[in-house]
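Undergrad: Put chain B on the given structure of chain A with help from the hints.
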Amino acid sequence: MSWLRITSPHGHGPLSTQRVMQLVLLATLPGVVAQTWFFGPGTLVNIVVGGALALGFEWLAVSLRGREPRAALEDFSVLVTSTLLCIALPPYSPWWLLVVGIASSVLLGKHLFGGLGYNPFNPAMVGYVVLLISFPLQMSSWAAPRGLTTPPGLTDALSALLGTPLADGLTSATPLDILRQNKGLLMEDLYATTPQFGRWAGIGWEWVNIGFLIGGLWLLYQRVFTWHAPVAMLAGLGLAALIGYDGGSSISGGSPLLHWLSGATMFGAFFIITDPVSSATSNRGRLLFGALIGIVIYLIRTQGNYPDAVAFAVLILNFAAPLIDQYTVPRAYGHNRREDP
Amino acid sequence: MRRVYGIHGGIHPPEEKGLSNPGTVVDAGLPEKLVLPLSQHIGAPAKAAVAVGDHVLGGQCLASAVGAVSASVHAPTSGIVTAIEPRPVPHPSGIDNLCIEISCDGRDQWVDLEAIDDYRQFTPHELVERVKKAGIAGMGGAGFPTATKLLARDRYAIDTLIINGTECEPYITADDTLMQTAAEAIVEGAEILAYIVGASTVIFGVEDNKPDALQALQQAVNARANGQSDHQLEVVSFPTKYPSGGEKQLIEILTGQQVPSGGLPADLGIVCQNPGTAVAVGDAVLKGRPLVDRIVTLTGRALGKPANYRARLGTPIAHLLALSEFNPSDNERLIHGGPMMGFALGTDAAPVIKTTNCVLVPTRDELPVPPAAQACIRCGLCAEACPAELLPQQLYWYARAKDHEQLERHNLFDCIECGACSWVCPSNIPLVQYYRAAKGTIQEAKEDKLRSDRARERFEARQERVAKEAAEKEAKRAARKAAAQKKASESTDEDPVQAAIARAKARKAQMTADTKQDTPEP
Chain A
2 MSWLRITSPH GHGPLSTQRV MQLVLLATLP GVVAQTWFFG PGTLVNIVVG GALALGFEWL
62 AVSLRGREPR AALEDFSVLV TSTLLCIALP PYSPWWLLVV GIASSVLLGK HLFGGLGYNP
122 FNPAMVGYVV LLISFPLQMS SWAAPRGLTT PPGLTDALSA LLGTPLADGL TSATPLDILR
182 QNKGLLMEDL YATTPQFGRW AGIGWEWVNI GFLIGGLWLL YQRVFTWHAP VAMLAGLGLA
242 ALIGYDGGSS ISGGSPLLHW LSGATMFGAF FIITDPVSSA TSNRGRLLFG ALIGIVIYLI
302 RTQGNYPDAV AFAVLILNFA APLIDQYTVP RAYGHNRRED P
Chain B
69 MRRVYGIHGG IHPPEEKGLS NPGTVVDAGL PEKLVLPLSQ HIGAPAKAAV AVGDHVLGGQ
129 CLASAVGAVS ASVHAPTSGI VTAIEPRPVP HPSGIDNLCI EISCDGRDQW VDLEAIDDYR
189 QFTPHELVER VKKAGIAGMG GAGFPTATKL LARDRYAIDT LIINGTECEP YITADDTLMQ
249 TAAEAIVEGA EILAYIVGAS TVIFGVEDNK PDALQALQQA VNARANGQSD HQLEVVSFPT
309 KYPSGGEKQL IEILTGQQVP SGGLPADLGI VCQNPGTAVA VGDAVLKGRP LVDRIVTLTG
369 RALGKPANYR ARLGTPIAHL LALSEFNPSD NERLIHGGPM MGFALGTDAA PVIKTTNCVL
429 VPTRDELPVP PAAQACIRCG LCAEACPAEL LPQQLYWYAR AKDHEQLERH NLFDCIECGA
489 CSWVCPSNIP LVQYYRAAKG TIQEAKEDKL RSDRARERFE ARQERVAKEA AEKEAKRAAR
549 KAAAQKKASE STDEDPVQAA IARAKARKAQ MTADTKQDTP EP
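Residue numbers (the numbering used here), protein chains in the order written: chain A, 2 to 342; chain B, 69 to 590.
The following block holds chain A by itself, in its conformation from the complex (with noise of 0.2 Å):
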């Protein structure tokens, strides 16, 4: 008889691509939950049509590269692509702002560089910021949460697909929106005398982002991907807000705690800085580039002109992450630890 010759390893471990990709939209699960009792079903709308669009997109542009659009399609990852975006996205969004973003996303971001495993920037991040900059309007107009009103319902949501804006009573200022114009109030009456504001950041906003930390706990917990990103952005965060903190002044930047638990802090710590593809790939590359990340996001909220920061930085530090790999290889076995790697 005649035996396959094949190279080794002859096992394998039980991981695939495909499984890590369904773990992650796995791992949305808690956040989005929160996200939809907070705002509504919005954000599931976006999650669906988005979908459709994503592997609509796809195979068109697969086929276009003349590859086997089956094997594009079954591996989830542009479904990854889609729901992040989408939980990023305004709830409530017209079908055209998702169109765009979605193809942004897709085309511009992904199969531009060459698909899956080539793209330098977060595909995501790539369509979010292509909107936020052409559509401003639409891009800022948030749904109050659940608290402060009583959030639309399905039929306000495909209402709103169809291009017909909330009304104003049901959209309202972000927290870190609010705090960014803050211009008098010390933190402690901007906490007391607004209602946006929580317990310990905005109202439902805190509960979205713990429950995205919950999700990418857990996705550490499967070792997905490794702590050193996330956690050095939360800290690299966290130590900027605690030096503008300024023990909650006028012109105080906010809390640490305030800055964790607000926008897509989390959301992005664990679910959009982990993309391998395009973040540094050694753990100690990944510790810088996560603090440069949580840093970055810092000085936009505090400082620039857009609501939340999370996509900017990740952009900037994806383009810095091919230096950074540069300058981490790691100490390989049987080196000598002082010497260049």
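In short, the hints are calculated from the structure, not lab data.
Hints may be right or wrong, so weigh each one.
Stated by the list, open to error - Per label pair, the in silico range of CB-to-CB distance:
{"no.": "1", "chain 1": "A", "residue 1": "Val49", "chain 2": "B", "residue 2": "Pro436", "range": "32 to 38 Å"}
{"no.": "2", "chain 1": "A", "residue 1": "Ser141", "chain 2": "B", "residue 2": "Val437", "range": "36 to 42 Å"}
{"no.": "3", "chain 1": "A", "residue 1": "Glu69", "chain 2": "B", "residue 2": "Lys373", "range": "39 to 45 Å"}
{"no.": "4", "chain 1": "A", "residue 1": "Arg71", "chain 2": "B", "residue 2": "Asp335", "range": "52 to 58 Å"}
{"no.": "5", "chain 1": "B", "residue 1": "Pro439", "chain 2": "A", "residue 2": "Asp169", "range": "50 to 56 Å"}
{"no.": "6", "chain 1": "A", "residue 1": "Arg6", "chain 2": "B", "residue 2": "Gln511", "range": "20 to 26 Å"}
{"no.": "7", "chain 1": "B", "residue 1": "Lys373", "chain 2": "A", "residue 2": "Leu5", "range": "20 to 26 Å"}
{"no.": "8", "chain 1": "B", "residue 1": "Pro439", "chain 2": "A", "residue 2": "Leu27", "range": "21 to 27 Å"}
{"no.": "9", "chain 1": "B", "residue 1": "Glu528", "chain 2": "A", "residue 2": "Glu69", "range": "51 to 57 Å"}
Said to hold, decoys possible - A short, non-exhaustive set of chain B residues, derived as facing chain A with CB atoms under 8 Å:
{"no.": "10", "residue": "Ile79"}
{"no.": "11", "residue": "Gly91"}
{"no.": "12", "residue": "Val93"}
{"no.": "13", "residue": "Val327"}
{"no.": "14", "residue": "Ala412"}
{"no.": "15", "residue": "Ala451"}
{"no.": "16", "residue": "Gln462"}
{"no.": "17", "residue": "His478"}
{"no.": "18", "residue": "Val492"}
All C-beta atoms, glycine included, are put in the ideal place defined by N, C-alpha and C.
TA: Showing chain B alone in chain A's frame:
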């Protein structure tokens, strides 16, 4: 108790050790024919010392070692040499290699072996000579000629001998079985090895998934330690993890030290040996018995009866498959070695050689053929698993880009090819294959560069020589010319033409005068 250190990375694949019933040795018997490759080790192939038609006895040398890194081959039984020709051998290349075929006569007659009583009466070098004569090569898998390794004593101060009973590859239980059944012989062989290399400490390192082997070794050590041993003997157990049995990894586990990159364990005063090698050395030194058999694990779910066989070297693998009731219906791979580092054989005609610790015959479900590789997403699981603390994902990129400079900067040559990175890779990329290919290409490029450097040097030397010769010629010519001119200028100060005219005039005048003289007066 010796402190046990951790190592970076590593994986925990299913162990599958129980399948082959470790602890029981089954005699593989005598096949009709034995096929003995002349190269069962690393280094120069042995040179045949017999001819077709010769009758040979068990223990007789069939082929002798050539040069410093080589190992002799001996007849495992009596019989007639029926062929010396290329045959399939267990080698990753799959290329046939020169083998001696013996048709066994079934009488199993042996040459007289030269036994000794007390090895301490001999110098280490005399004992190394006995090891060399026995044709022993490392039996753990690499097959480095043992005598050559033992000569490390001449250049390094060795204080520790490690007997590597880790056997971290899944499935394989050959060393486990040997340790359970021949612990005294292992300890005895280890003491001889320690005596040869001059080590004061002997550590028996065994993973904690082999409690019976650990117990047997401990008993053998205790028996020795009662006043008989010259060495400090330690049996050390450590957590099971692949690849703890890699030489470098085991040294770190047992001593906390790392072998310098590009260096040898001897740099740290350490020599490692496999338990099978220790037994073979004991047999060679004490009984004068050459290495002609070994324990081979036959395992995998395509076998009805997996087992550990004591097989003579040269036994065709087909013979062992038949003994183990091989069922070919659901099998597509025949693996020499374990699932992590073993290589697939193209034929079961290949024989058992000195390094054959296992033949793995899995079913399709057991070890499925990997699906097509997907794109690398740089997840870094490979870097987490790498025991050499490399960045396999970066090496993969640079290997694909053929960027040799970056490959070396990322320490490609510290890769031990254990396969942990490929095992964890969620995209099923055959990473190790890329590294092997890249190492080969870089080695080749280096040799090419060396050759072209030599050629350039030769060319430049020739150019220089030619130029020098031309210059010498020119100098000589110039010298000759100068000499001629000097001579000319010394002979006359005037213009040579005027001088010639003057001479001609003088001659003419002379002639006229003579004529006048000669002419009589009228």
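Undergrad: Confirm or reject each hint.
TA: Evaluation of the provided hints:
The hinted range of 32 to 38 Å is satisfied by A/Val49 and B/Pro436, whose Cβ atoms lie roughly 35 Å apart. The hinted range of 36 to 42 Å is not satisfied by A/Ser141 and B/Val437, whose Cβ atoms lie roughly 53 Å apart. A beta carbon spacing of about 43 Å between A/Glu69 and B/Lys373 agrees with the range 39 to 45 Å that was offered as a hint. For the hinted restraint 52 to 58 Å between A/Arg71 and B/Asp335, the CB-CB distance of approximately 53 Å keeps it satisfied.
The given range of 50 to 56 Å is respected by B/Pro439 and A/Asp169, whose C-beta atoms sit roughly 54 Å from each other. Here the CB-CB span from A/Arg6 to B/Gln511 is close to 23 Å, well matched to the stated 20 to 26 Å. In this structure, B/Lys373 and A/Leu5 meet the distance hint of 20 to 26 Å, their C-beta atoms being roughly 23 Å apart. For the pair B/Pro439 and A/Leu27, the beta carbons lie near 22 Å from each other, so the given range of 21 to 27 Å is met.
Separation of B/Glu528 from A/Glu69 is about 55 Å and conforms to the stated range, judged on CB atoms against 51 to 57 Å. Taking 8 Å as the C-beta cut-off, the interface hint given for B/Ile79 holds, the closest approach to chain A being about 7 Å. Hint status for B/Gly91 relative to chain A: violated, with the closest Cβ pair at about 24 Å, above 8 Å. Taking 8 Å as the C-beta contact cut-off toward chain A, the hint placing B/Val93 at the interface is violated, the least distance being around 26 Å.
A cut of 8 Å between beta carbons decides the hint on B/Val327: the least distance to chain A is about 5 Å, and the hint holds. For B/Ala412, the interface hint holds, the least distance from its beta-carbon to any beta-carbon of chain A being 5 Å, beneath 8 Å. A least Cβ separation of about 7 Å between B/Ala451 and chain A falls short of the 8 Å threshold, and the interface hint therefore holds. With a cut of 8 Å, the hint placing B/Gln462 at the interface with chain A holds, because the nearest CB-to-CB distance is about 6 Å.
With its C-beta approaching chain A no nearer than about 6 Å, B/His478 sits inside the 8 Å limit, and its interface hint holds. Interface hint status for B/Val492: upheld, as the beta-carbon distance to the closest one in chain A is roughly 5 Å, under 8 Å.
The structure fails hints 2, 11 and 12 (numbered hints given earlier, in ascending order).
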